[in-house]
Structures are given as structure tokens and as C-alpha cells.
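Chains as they are written, first to last, in numbering that gives the first Met the number 0: chain A, 0 to 207; chain B, 0 to 207.
Calculated directly from the structure, the hints in this document are not laboratory data. Some hints could be false.
When the alpha-carbon atoms are kept at most 30 Å apart in a straight line, the in silico DSS-like pairs for lysine-lysine are as follows [claimed, not checked]:
hint : chain 1 : residue 1 : chain 2 : residue 2
1    : B       : LYS41     : A       : LYS41
2    : A       : LYS1      : A       : LYS38
3    : B       : LYS99     : B       : LYS150
4    : B       : LYS45     : A       : LYS12
5    : B       : LYS100    : A       : LYS38
6    : A       : LYS41     : B       : LYS12
7    : B       : LYS38     : B       : LYS22
8    : A       : LYS100    : B       : LYS41
9    : B       : LYS44     : A       : LYS45
10   : B       : LYS48     : A       : LYS41
11   : B       : LYS41     : A       : LYS96
12   : A       : LYS45     : B       : LYS99
13   : A       : LYS44     : B       : LYS48
14   : B       : LYS160    : A       : LYS44
15   : B       : LYS96     : B       : LYS12
There are 2 protein chains.
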Amino acid sequence: MKLQIALDTLTLKECIELLDETKDYIDIVEVGTPFIIEKGMKPVKKFSKRYKDLEILADTKIMDAGELEAEIAFKAGADIVTVLGVTHDETVQGALKAAKKYGGKIMIDMIGVNNIEERAKELEDMGVDYICVHTAFDIQSTGHNPLEELKRVNKVITKSKTAVAGGVKLETVDEIVSEGVDVVVVGGAISNASDRVLAAKQIKERLK
Amino acid sequence: MKLQIALDTLTLKECIELLDETKDYIDIVEVGTPFIIEKGMKPVKKFSKRYKDLEILADTKIMDAGELEAEIAFKAGADIVTVLGVTHDETVQGALKAAKKYGGKIMIDMIGVNNIEERAKELEDMGVDYICVHTAFDIQSTGHNPLEELKRVNKVITKSKTAVAGGVKLETVDEIVSEGVDVVVVGGAISNASDRVLAAKQIKERLK
Numbered sequence: 000m001k002l003q004i005a006l007d008t009l010t011l012k013e014c015i016e017l018l019d020e021t022k023d024y025i026d027i028v029e030v031g032t033p034f035i036i037e038k039g040m041k042p043v044k045k046f047s048k049r050y051k052d053l054e055i056l057a058d059t060k061i062m063d064a065g066e067l068e069a070e071i072a073f074k075a076g077a078d079i080v081t082v083l084g085v086t087h088d089e090t091v092q093g094a095l096k097a098a099k100k101y102g103g104k105i106m107i108d109m110i111g112v113n114n115i116e117e118r119a120k121e122l123e124d125m126g127v128d129y130i131c132v133h134t135a136f137d138i139q140s141t142g143h144n145p146l147e148e149l150k151r152v153n154k155v156i157t158k159s160k161t162a163v164a165g166g167v168k169l170e171t172v173d174e175i176v177s178e179g180v181d182v183v184v185v186g187g188a189i190s191n192a193s194d195r196v197l198a199a200k201q202i203k204e205r206l207k
Numbered sequence: 000m001k002l003q004i005a006l007d008t009l010t011l012k013e014c015i016e017l018l019d020e021t022k023d024y025i026d027i028v029e030v031g032t033p034f035i036i037e038k039g040m041k042p043v044k045k046f047s048k049r050y051k052d053l054e055i056l057a058d059t060k061i062m063d064a065g066e067l068e069a070e071i072a073f074k075a076g077a078d079i080v081t082v083l084g085v086t087h088d089e090t091v092q093g094a095l096k097a098a099k100k101y102g103g104k105i106m107i108d109m110i111g112v113n114n115i116e117e118r119a120k121e122l123e124d125m126g127v128d129y130i131c132v133h134t135a136f137d138i139q140s141t142g143h144n145p146l147e148e149l150k151r152v153n154k155v156i157t158k159s160k161t162a163v164a165g166g167v168k169l170e171t172v173d174e175i176v177s178e179g180v181d182v183v184v185v186g187g188a189i190s191n192a193s194d195r196v197l198a199a200k201q202i203k204e205r206l207k
């Protein structure tokens with residue numbers, strides 16, 4: 000199981016400090032959507048040069064122009080690019096075309112998808128690499144958590160890998176690990192921890 | 000009716016050349032999603048300083064973290080920020096909160112929304128400024144056009160303004176104008192025209 004750290008609200012300099020400290024426990028560095036809106040592909044370029052042993056994910060949440068937008072991110076050095084599960088099949092297929100060209104991977108963000116089982120199966124059949132169940136930041140306070148959706152996806156897919164995101168922390172990671180997942184995405188539980196190295200180490204140790 | 004020019008595939012320098020030529024016929028400058036993915040808020044900052052008489056729209060297509068992401072764009076100088084209609088209500092409300100703080104506006108992109116009438120009414124009730132029917136770039140070749148969806152939205156809304164996007168050109172603008180709309184979004188029909196000033200002028204003249 001891989002640990003993906005989501006970087007959303009830090010400056011580029013703060014991200015580098017955090018990654019330099021925690022990189023031994025991190026597998027995938029996520030350049031989050033707010034970070035991309037603010038800085039474009041600059042952090043992707045920077046991290047892909049500096050952390051050659053880590054994979055870089057660009058959380059572009061692509062909704063249209065799949066091939067064009069995924070290509071921008073892969074060209075900048077992303078290994079994995081995200082596409083929204085609610086988008087048209089044509090957009091997913093366009094992004095997969097760009098992934099093939101650059102030897103990259105596509106992760107689908109299932110945020111806002113209602114027919115989870117049906118859509119997960121369709122996406123797997125299209126050949127996406129990862130299906131990520133994701134409790135939106137904006138609804139985390141309502142008590143939602145992504146475990147229930149992970150179970151629903153795990154029941155129907157056989158080839159795609161899975162990822163889980165949305166408020167994951169040390170206290171909730173064990174049940175996710177027990178359910179089975181390939182990538183665990185953690186944000187604030189590491190970046191806002193008083194001891195960030197310890198937080199990353201402890202979570203990484205729980206991933207089997 | 001306003002004319003919005005969508006800038007997606009040009010460099011910053013090329014955009015400035017195009018805008019300097021056509022600005023007399025343009026009301027809203029759209030920094031397109033691929034442009035944001037590549038450059039972040041740099042074009043928004045640049046255009047908002049250089050074209051003080053034009054409104055600047057950041058096509059962020061927000062899907063989560065509505066307040067945070069909209070705030071990044073408004074802070075950079077955007078007058079209008081886009082949010083996806085398929086997102087959670089909480090995300091729309093967060094973006095509206097940021098809009099209120101900065102005196103900006105929210106345009107909803109209806110791309111991928113299936114229950115158009117119901118969702119348009121919900122969004123209007125939340126207080127969004129614009130509802131934009133949008134035929135995705137990735138499905139334009141299948142013959143879809145946004146006029147049909149514009150008619151469906153016009154039937155149910157009474158307060159929000161409307162916008163239309165997705166392959167609009169001189170040959171299709173008249174029927175959109177007849178149907179009634181507040182903002183017409185045009186991309187390639189201006190930026191790829193052999194005479195871009197003439198193309199912008201001709202389309203602007205059709206808008207009543």
C-alpha cells in the first residue's frame with residue numbers, strides 16, 4: 000500500500016520543507032487542486048525534479064478536454080493525473096490517450112458520483128489505473144467518510160487499483176487497511192501534525 | 000448580451016496580442032481551464048491589470064473546497080469564477096461566500112449535469128449569478144450543441160443570468176440570441192479565425 004500526501008494549502012517553500020522531512024515515508028506527492036489553481040504546473044515541475052524516487056500526482060480533477068489537460072500535466076512531469084468520475088467517457092478516454100503517450104497513469108476521483116458501483120465498473124472497463132473514493136472536503140463536517148464507498152467499489156472491480164481520500168487520519172486508517180486499498184491519501188493529518196515526521200511514519204507503518 | 004472570449008490554447012503573449020486587437024468587441028475575458036492548469040493565476044493577474052474595462056473570468060471548474068478555491072481566483076483579480084453544477088451544494092455555497100467577500104460573481108458550468116431543470120432551479124435558489132449551459136469540448140464532435148439545454152434552463156429560471164458555451168460560432172449565434180441569453184462564450188470561432196478582429200466584431204454585432 001502506498002501513502003500519498005496531499006499538498007493543498009502550503010507555499011512551495013513549506014511543501015519542500017515538509018517533503019524533505021517526510022519523504023522516507025511517502026510514496027506519492029499530490030499537488031492539490033487549490034495549489035494548481037494558484038501556481039499551475041510549477042510545483043509539479045519542481046517536485047518531479049527534486050524527488051526522483053517519489054511519484055508525482057497532479058490533482059487536476061479534469062472535467063473536459065481530457066487529452067489536452069492531461070498532456071499538460073504529464074509534460075510537466077506528473078506520473079499520475081486525476082480525472083473526475085462524473086465526466087463524459089470521451090474525456091476519460093482522452094486522458095487515457097495522453098497517459099499512454101507519456102507512460103503515465105490516470106486516477107479517477109469519484110467525488111460526486113452517485114451510481115458508484117455502475118460507474119466504477121465502466122471506468123475499470125475503460126482501463127483507468129486507479130479509482131479513488133473521495134469524501135469532498137466541503138462535506139467532511141457532515142460526518143461522511145470514504146470507507147463505505149470503498150467497500151462498494153471493492154465489491155465490483157477486479158483490475159483497477161483503488162485509492163481513498165477525504166479526512167483520513169491515524170485513527171481511521173486501520174479500518175481502511177482492513178478493507179483493502181492500494182493508495183491512502185492523507186493531507187492535514189500529516190501537514191498539520193505537531194510532529195509531522197512521526198505522523199507520516201506512524202501512518203505509513205499501518206499500511207500493509 | 001455580453002461576449003466572452005475563451006482563451007485555452009494560446010500562450011500568454013499570444014493572448015495579449017489577441018485581446019489588444021479585439022478588446023473593443025469583448026466584454027469578458029475567460030482564462031480557460033487548460034490555461035489555469037498550466038499557468039495558475041498568472042494570466043488572471045496579468046489580464047485584470049491590463050484590461051481594466053473588461054471583466055475577467057477564471058474557469059476554475061471548482062468541484063470541492065469552494066470557498067478556498069474561489070478565494071484564490073478572486074484574490075488574483077477574477078471578477079467571475081466558475082463552479083461545476085455537478086458538485087455538492089456546500090461547494091457552491093462556499094464559492095458564493097468567497098464571491099460575496101470579494102464582490103465577485105459565480106458562474107455555474109452545467110457540463111455533465113443530467114437533471115438540468117431541477118439543478119438549475121436549485122442553483123438559482125442558492126443565489127448563483129450565472130448558469131452556463133456548456134457542451135463539453137470532448138463531445139462536440141458527436142453533434143451536441145448547447146441550444147437545447149439553454150431552452151430547458153430558460154424555462155425554469157427567473158433570476159439568475161444565463162450563459163452558453165461549446166462550439167458557438169457566427170453560423171449558430173443567431174438562434175442562441177433568439178432564444179435569449181446573457182453571455183455568449185466563443186473560443187475558436189474568434190481565436191482561430193483568419194481575421195480575428197472581424198470575427199469578434201461580427202459576432203458582437205449579433206448580440207442584442
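Evaluation of the provided hints:
1. B:LYS41 with A:LYS41: holds (11 Å)
2. A:LYS1 with A:LYS38: holds (26 Å)
3. B:LYS99 with B:LYS150: Holds. LYS99 of chain B to LYS150 of chain B sits at ~29 Å (cutoff 30 Å).
4. B:LYS45 with A:LYS12: holds (24 Å)
5. B:LYS100 with A:LYS38: Holds: LYS100 of chain B and LYS38 of chain A sit about 22 Å apart, inside 30 Å.
6. A:LYS41 with B:LYS12: holds (18 Å)
7. B:LYS38 with B:LYS22: Satisfied, since the Cα-Cα distance of roughly 22 Å is no more than 30 Å.
8. A:LYS100 with B:LYS41: Given that 30 Å is the threshold and the Cα spacing comes to 28 Å, the pair holds.
9. B:LYS44 with A:LYS45: holds (22 Å)
10. B:LYS48 with A:LYS41: holds (22 Å)
11. B:LYS41 with A:LYS96: holds (28 Å)
12. A:LYS45 with B:LYS99: The hint is violated at about 35 Å.
13. A:LYS44 with B:LYS48: Since the Cα atoms of LYS44 of chain A and LYS48 of chain B sit roughly 27 Å apart, the hinted pair holds (cutoff 30 Å).
14. B:LYS160 with A:LYS44: Judged against 30 Å, a Cα distance of about 39 Å means the pair is violated.
15. B:LYS96 with B:LYS12: Between LYS96 of chain B and LYS12 of chain B the Cα gap is close to 33 Å, so the pair fails against 30 Å, i.e. violated.
Of the numbered hints stated above, those contradicted by the structure are hints 12, 14 and 15, listed in ascending order.
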